[in-house]
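Whole structure, please, built from the sequences with the hints as guidance.
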Amino acid sequence: MLSASELADRLARNAEAVCRHYLSAGRRAGNYWIVGDVANSKGRSLYVRLSGSRAGHWTDAATGQYGDLLDLVRETSGLVDFCDVADEARHFLSLPQPEPVSSRRGEASDHPPIDRPAAERARRLFRMTQPLMGTLGDSYLRQRAILRASLHPALRFHPSCYYRDFVTGLTTSYPALVAAVTDRFGQITGVHRTWLDPDGDGKAKVEDPRRALGGLLGNAVRFGFPPHQLVPVMVAGEGLESILSLSHVMPAMPMVAALTANHLAAFLPPAGCLRLYIAGDADAAGRYGIEGLSRRAQALGILPLVLAPELGDFNEDLRWLGPDRLTANLRAQLVPEDAMVFLPA
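Heads up: the sequence shown runs through residues 1 to 345, numbered per the working numbering.
It is possible that part of the hints are untrue.
[What the hints assert, rightly or not] Okay, derived cross-link-like pairs now, EDC-like style, lysine to aspartate or glutamate, Cα gap no bigger than 20 Å in a straight line: (1) Lys42 with Glu207; (2) Lys42 with Asp208; (3) Lys205 with Asp138; (4) Lys203 with Asp165; (5) Lys42 with Asp84; (6) Lys203 with Glu316; (7) Lys203 with Asp138.
Hints are computed from structural coordinates only; laboratory data are not their basis.
Laid out in structure tokens, this is it:
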């Protein structure tokens, strides 16, 4: 039976056929398939790379969603459990595939899995970064009331990170906040980039200032994980700023940012986890991520517990309600013994 990586690789070799089947409202534009969204609406927000080492990688500039073709199959088919996604992918791959507009014969049989070179590029990029403290990345997070982000080794800064416009193909550079995506063993499998305005005015003024590179499925950006120790209690959520806001008031609690609702649903909790707090955003995508991860946790014998913000997400709570109000809200939702450990009076 094909693994997730092998299924993603097989789908990537037939990226245009996948797009024509699942995103029939779109069209090809150069090396990209362009469509409105994962619901197959007409438009130009979602871009799927059709060839090269990043074939199959997609980004929705309007929603910030991104992933590989397994994620795309999951979204367009309305599936949640990975077994169902894998079955759908295997069914598609058994269908006769139309010849792509510009085929690359002779390469399919020996093309290496796309996640390995992408992960290598991600590790190389992370090695090129610098410590976060005192940089524009640190300032960006401080503007969002996250004051101790530079203490997290998963966060770094790149002063001139390449940004490629998917429509025009033009490449430029912006400073970027770079976060390391790691697996349960601590190995870097990818990076997440947030391009920043050089003048300090928030994110860069580009169509999609957040993108990931490498292997995200099952992995996440990790904060506060003790090395080589079991993690019986932890928090998992979507966005960097939301999880960093929780870490601001619960610095001793291990946490992960899965970066999207899709990847939150697919996150693999570490061995030894007993209670998993799921920090969801107050929207439909957030509920999807909560439900998917809750089912996964229960299947592993882990107790899932939901942490809900008062406003749209926990960063809004931190910025607009303040750390004391956020702490009080969390204290009311944590198991009492966890509140005693992670929210001392």
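* Asked: Which hints, by number, does the structure contradict?
  -> Hint 5 contradicted; others consistent.
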